[in-house]
Amino acid sequence: MTVARGVLERAAVAASIETVESLGAVCRVSSSDARKALVALRDSDLAVGFLVDLFGIDTGEAVDIVYHLRSFARDEELVVKVEHGYGSTLESVWDIFPAALMPERETAELFGLELAGHPNPKRLLTTDGCPPYLRKSLVVRSAEEVRDRASQHVDATSLDRTAGSLAGGFAEPGVAEPGASLDATPIPAPKPLPVPRGLKRAPSGVDIENSDRLVLNMGPQHPSTHGVLRLILELDGEEIVSGEAVIGYLHRGIEKLAESRRYSAVGTLLDRGDYVSGIHAELAFALATEKIAGIEVPRRANYLRCLLGELNRIASHITWYGPMGLDSGAMGPFLYTFRDRETILDILEDITGQRMMFNYVRPGGVVNDITTTAEAKIRAFLDEFAVHVDENDELLMGNEIFQARTQGIGVFDRETALGFGLTGACLRGSGVDWDIRRDRPYAAYDELEFDVPVAEEGDVYARCAVRLEEMRQSARMIRQCIEGLPEGEHTAKVAKVLRPPAGEAYGAVESPRGELGVHLVSDGTDSPYRMRYRPPALYALQAGEAMLPGLLIADAVVLMGSMDLILGEVDR
Amino acid sequence: MKIYGSGILKSMRIAFRNMMREPITVQYPHEKVELPERARWAVAMNYDEQGDTKCTGCIACERACPDYIIKIELTTAEDRSKHIDHWRYEIGACMMCGLCVEACPYDAILMSHEYELARTDPSLLSIELLTDVPAAAITRRTSAAVPAMPAEPPTAPEGGAADA
Amino acid sequence: MNAWLIAVLRFLAALGLMLFNGVVMIYMLRKVLARLHVRLGPMDNGPHGMFQTVFDVLKLLTKEDVTPRAVDKALFFLAPVIVFVPSLMAYMVLPFSRTWVILDVPYGLLFYFAVMSVVPLGILAAGWASNNKWSFIGAMRIVGQQVTYEVPMLLAALPVVMMAGSMSLSDIVRAQSGTFLWILPRWFAFNVPALVLFFIAGLIESGQTPFDLAEAESELVAGFSTEYSAMKFGLLYLAEFSNVFLFSALTVTLFFGGWQVPWVSADHVQWVAPIVFMVKTYIGIFFIFAIRGTLPRIRVDQMLATGWKVLLPAALAWVMVTGFVIKVGQALVGPR
Amino acid sequence: MALDKLTGEHSAIFIRSEQLFDVARRKSLWYMAFGIACCAIEGLMHASGPKFDFDRMGVFFRASPRQADVMIVAGTVNWKMASTVRRLYDEMPEPKWVVAMGACACSGGPFREYPNVVMGVDKVVPVDVYIPGCPPRPESVQYGFITLMDKIKAQTGERLAAARHDGR
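Protein chains in written order, with this note's numbering: chain A, 22 to 593; chain B, 15 to 178; chain C, 40 to 375; chain D, 96 to 263.
Isolated chain A, as found in the complex:
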C-alpha cells in the first residue's frame, strides 16, 4: 500500500488510498489522472502487469469505474477507482492493458458512458436503442409484469432483421467512427505492448461490395461456435485477414438481476452464467458474501465444496474436450467423454438435486450433506475414469492428425497472455504458473495435494494438454476429499434472510475456465447492491479474437474451441 502511494506520488497523481480488508489497497484517483496512474503503476517497481477486471459501480450520483489490478511479481492486489459522471467520456486504457478491450465497451454501454480512444468503440452486448441497463435508475420488470406474459405484444413479422447489426453504435460526435483505425486518435503509451494485427481494423468496416475479400459471418448459429458466438471474418482465400467477435446474443442481465435477488437466491442466476460449472460460480459468490458478513465455514462444508467443485471441473473439461474433438472433426471423443459426464451428472444430481443447475453452495456452507449412495458412485467413477482419461489422452492428443492441426496454432506468448488477462488453463498453457487454488487457497485446497500442470508452448495443443492433466489432478483431489472428509456440520448457522453489513469484497475461484471472480458490494439490505461477475471466458474470447488474423478457417474453429468459451458466461 505504501509502495502504491509512493508510485502515485512520483507520477504526480493525486490519490486517496485506503485499505479494505477483503479487497486490498483501494486507490481513488480523478478521471483525468486515471491513465497516468495506471501507466505509473504498470511501469513502476510495483509491476501490476495484469488487469484482473474492469467494471463499473453506479453509486447513485456517478459511476465508479473500477480497475482491479494484480502484481504477479509482488503477489499483491490493487484496486483503482475512478469516478465518472453519467454520460461522461471514459478514456480507453486498452493500450496500457489490452485486457480492457471488451470490458470497457461493455461498461460504457451498460452505464451509458462514451468511449474515447478505443479501436472499436461499439456496443458489445446490446442492440442500438437499449437503455444503460446497469444504472440504478433503470428498474427491471415488476412481478406483475413478468406474470402477465400476454402483455408483451410482438409482431413477429415486423422483427427488425438488422437488429444486432454493427451499424450505428456510439456515434456521438467526437468519438471515432466504427471501424476507424486507431491511428486517428493517438494516445501516448510509454511502453507499447505487441498490438495484434486484427485490432487495427475490424471486418465490419470492410465495404463488402467493393472488396476483393470475402467477409464471412460465422454464427450465431454455427455448429462449432459453442453457443451463440458470432465471428465476422474477412477472408483472403481461406486465410483470415481480420476477425471480430460479436457477442451479446445471450445477454440476459445476470448482474442486474442479482441486485433484486436475496443472497440465498443469487446462486440460481450464477449457475446459469457459467452453465457447465455452476458450483464454481456459486462458490465465488459465497466466498465474497462470507468475506463481507464474516461467516466461518465448517471444515466439512469446505471439503464438500472442493469435492463437488472438482467433480464439476471434470464435467466441465469434458464439455470442452468433446466439442474440441468435434471442432477438429472427430466424433469419437465427444461420445466417449460424455459417457463419463453422464456418470458425474448422476453423482451431482444425487448430491445436489439437479444435473446442471445445482443451487447447492450457499453463503455459510452447502445445502445438503453428501449421500452414502453418492459416495459409492464416486469411488466407482474414479476407478473407471482413470482408464477412460488415458484412453481419451491417446485418442486425440496422441493422434498425428490432431497434433498437426493444433501444434503451433494460436500461440500466446507469456506477455500476450498476461496482457489479455487470460487465466486458468489458457494462462498455464503459456507458461505462467498461476493457480488460484494454490496461490490464493480457498475452501479446503490448502489441505489437498495436487500439482498444477504448466506447458510452455502456448499453442492450442499446450492448452489441451494442460486441461487433460487437470482432469487427472481433479480425480486425485476427489479421492483425497472422499477419503479425508471430516465429520461435522455441512453449513454454518446463517440467518435465513441474510443481510450482510455494508462493504465490498472480491471472491475468486479457479473455475475450469480460469479465474472466476465475484466482486460484491453490499449496502446492508437483503440483496446485493452490485454484483460483478468476472467472466474468464470473456477475456479468453478477446484474446482469441486478437489471434485470428493469419489463421485458416479450420484453425479459427480449433482456436476458439481451445479457449473453452461458454457464452452464457461471456454475455452474462
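Lysine-lysine pairs mimicking DSS-like chemistry, simulated, CA-CA at most 30 Å apart:
id	chain 1	residue 1	chain 2	residue 2
1	B	Lys-96	A	Lys-517
2	D	Lys-191	C	Lys-112
3	B	Lys-68	A	Lys-517
4	A	Lys-312	A	Lys-102
5	B	Lys-85	B	Lys-68
6	D	Lys-248	B	Lys-46
7	B	Lys-85	A	Lys-157
8	A	Lys-517	B	Lys-85
9	A	Lys-157	D	Lys-218
10	D	Lys-191	D	Lys-218
11	D	Lys-246	D	Lys-191
12	B	Lys-46	D	Lys-191
13	A	Lys-312	A	Lys-157
14	B	Lys-85	D	Lys-218
15	B	Lys-68	A	Lys-514
16	D	Lys-191	C	Lys-172
17	B	Lys-24	C	Lys-348
Think of the hints as simulated: they come from the structure by calculation, not from any bench.
For this one, chain A is given, so just place chains B, C and D on it according to the hints.
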C-alpha cells in the same frame, strides 16, 4: 523411434475397443432411469393422511421464489381462517431451484420427480395446484418432524447479520 | 431377347442397386457409428430401426423444395444430377461375378476414373450455384481435393495394372486367383504400399474423414449442400454414399480378389460370387465408417501437402519398384 | 371436376397419402443444431449422447436449417437474438415444427424480469411443443418429441376428418 501414423492406428484401436463395450443407452420411453431421492422437478402439493392440503397460505414460498412464479390468492374469513382460492404455479417459468420448498415452514409443497412436462398448449404453462380449498390451520405444523426443513416462519429472523 | 431391353434392364439394375445401397449404407453408418460410440443407434422404427432410412427418404420426398431467390437456378437444379449420374455410370463396370458385369469394357479401370472425375464438377456447380459463402468455400475445397487425389490414385492403381497386365477389371480379378507361397491367396493386397496409397487417395476421392473437407460440418455448416433441401439434398447425400461404395468395391476388385473366394476355384463359387463381392465391399465400408467415426479432420493445406508431397512421389517410386521387381521376376522365372 | 374430387387437396386419396407420409415425417424428425444456452448441453448434447441417444427415435441433427424439420430453441432468446431465430425459422422448409425447450424459451424463465429478454420464444416464432424445466432432462426432451409426434398425427387426423366432411 515413433513411426508417423502409429497414433492414428492407436486411435482406431481405442475406437474398436469401445465398440466391444456394452452400450450404455437407456431406451427412454421403454425403460426409465431411476432418479435419485433429492432430484428436483416440478413442484407438487404434499397432502396429509386425510388427503387435505398442508398449505396454510402463509405465502412464504411466494416471497422466496426468485422468479415470481407462485401466486396464492387468499380470502381471509372473519375468524381469521384462510381460504385458498387459487394456488397458481407457472410451471413454464419454474427453474426448479427448490427455494420455495426450503422456505415452506409447514412442509406443504415438495419437489416431485415428475419430469415429463412437455405440453402443446401454452395456456397450460401456468397451472393451479390448489383451487378453492380451505387452508390448513396454522396449529397443525408438521415441520418439527422434518429436521431438514428450516423451522422458523419466514417473518421471524428478519434483520440481523450472519450471526443471527 | 431384344438388345435394347437388356440394356434398359441392366441400367435399371444398376439404378436399383445404387438406391438400395444408399439406403442400406446410411442405416449401416448410423448403426456402426452408434456401436463405435457406445450407443445403440436407430432402434424404434422397425426391428432395430431397420426402416429408419426408408422413413428418412419418404420424408425427404415430401419436404418443401426450397429454391433460394439468389441462386443460379439452372445450375442449382443440374448440380445434384451431375453428381448423381457419374456414380451411377461407375456402377456399370464393377464385376460382381465372372458374368455379372453390366458393361465389361477392356479399359474398365480407366472408365471408372474418367467417370468419377466428373463428380467434383457437380459439387463445384452445387457450391457455386447456391450463392452461399459456406457452399462456395466447400466447392473450392473440392477442386483442391480433386487435383490432390487424381494423379496419386491413378499411379497407386498402376502397380496392380502392371501385375495383372490388363486394365479390364474382370481380368484384374481373374489375375488374383490361386495362391502363392503355398498358402497365401494371390491378392494384390500383399503389395501393401500400393494398397495404402490407393486407400488414402480413395478416402480423399470419396470425401471421407479425415478428408471430408468439402462438407466439414464443424467448419462449413454443411459445406456444398448447405442450401439444398428435400430430395435434391437427398440425391447429393445418396451420391456421397454411392461414392463410398464404389471406392470400397474398387479396392476389393483391385486388391482383394473381387468376387473370388481364396483357396476355392472360381468355378465352384459362381453362384455365391456376387454375395462374396458384396460382403467384401461392405467390410471395406465398415472400416471407412469406423475411420469416419474416430479420426479428426485434416486441414486443407495439409491435405494438399499430403497429396503432392507424400502421395505423388511415393506412388511414383512404388510404380518404379513394382516395375523393376516384375521385370526381375520375369527374367528369373520367365513370363507367366 | 370429378378428377379434382379424386385427387384434389381435400380428396380422400390425397389425405390418405398424406397420412402415409406423415408416418415418415413423424419417424424422421431431423432437428437443427441450434443451441443458445444451458439447455443446449442437456437437450442437444446429452440427449444425442451415448446414454439417451436421440438417434434411436430417428431424431438426428443437421447443421443447416434447409435440411431440418424441427427447431429446438434451447435457451434464452433476447432481442439481439430474436431476429436470427426468426430468420432461421423462415429458412427451414415446410413442414416444420418448433420445440421451445426450457423455462427461458417457454416464458423467459429466470431472466424474464430483464427487459432485454424475450418473454417466451412464441412471441417470435410459432411454437408447437413447450418443455418446462430448467434445463429439462434429456428424457424430458425426448418426451417432448413424443408429444410432437402425437401432435403431427393428430393434425393429419383432423385434416382427414375435415376432408370426409367435405366429401359428404
